[in-house]
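K.L.:
Sequence:
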Amino acid sequence: MPEELTRRTQSDQTTGGGYEEVEHHDFKSINDDRYMSWRNGEDKKGSIIVNSGGEHCKRYSTKEPKEDFILYKGQAVLVMDTYFKLTTARASYEKV
Numbered sequence: 001m002p003e004e005l006t007r008r009t010q011s012d013q014t015t016g017g018g019y020e021e022v023e024h025h026d027f028k029s030i031n032d033d034r035y036m037s038w039r040n041g042e043d044k045k046g047s048i049i050v051n052s053g054g055e056h057c058k059r060y061s062t063k064e065p066k067e068d069f070i071l072y073k074g075q076a077v078l079v080m081d082t083y084f085k086l087t088t089a090r091a092s093y094e095k096v
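Letter by letter, the sequence shown follows residues 1 to 96 in UniProt numbering.
These are computed hints drawn from the structure, not numbers from a lab. C-beta atoms are modelled at their ideal positions from N, C-alpha and C, and glycine is treated no differently. Heads up, none of these hints are tricks.
Have a look at the derived ranges for each label pair, beta carbon to beta carbon: (1) Lys63 with His24: 17 to 23 Å; (2) Lys73 with Glu42: 33 to 39 Å; (3) Gly18 with Ile70: 16 to 22 Å; (4) Cys57 with Asp12: 17 to 23 Å; (5) Asp33 with Gly54: 18 to 24 Å; (6) His56 with His25: 18 to 24 Å; (7) Glu23 with Cys57: 17 to 23 Å; (8) Asn31 with Ser61: 26 to 32 Å; (9) Thr88 with His24: 18 to 24 Å; (10) Ile70 with Asp26: 16 to 22 Å; (11) Gly17 with Gly54: 26 to 32 Å; (12) Gly18 with Glu55: 29 to 35 Å.
No more than 30 Å apart at the CA atoms, straight line, and that leaves these computed lysine-lysine pairs for DSSO-like: (13) Lys58 with Lys73; (14) Lys28 with Lys73; (15) Lys63 with Lys44; (16) Lys66 with Lys45; (17) Lys63 with Lys28; (18) Lys28 with Lys66; (19) Lys63 with Lys45; (20) Lys66 with Lys44; (21) Lys73 with Lys63; (22) Lys58 with Lys44; (23) Lys45 with Lys58; (24) Lys45 with Lys73; (25) Lys28 with Lys45; (26) Lys28 with Lys44; (27) Lys28 with Lys58; (28) Lys44 with Lys73.
Go ahead and model the full structure; you've got the sequences and the hints to work with.
P.N.:
Right under this line is the structure:
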């Protein structure tokens with residue numbers, strides 16, 4: 001589990017580049033690439049849905065933690081019931 005969780009005050013990334021406990025939030029698309037990571041607690045059974053525009057969506061389970069997946073400009077992401085981080089900074093990335 002994350003050591004410190006913050007409260008979301010922005011709609012395009014998580015606050016301070018850290019993990020947040022997210023029950024349900026739609027992070028809108030922006031004109032920059034972002035990087036998302038997630039961790040699942042024992043009490044969480046989350047999902048991540050990436051929308052590339054139109055009817056093109058890809059769903060991920062949060063059973064396994066992931067670090068620095070790239071979310072390309074123009075993509076939105078729906079986050080449900082997980083510990084989630086979304087930022088423009090990254091250490092490494094994996095194509096989504």
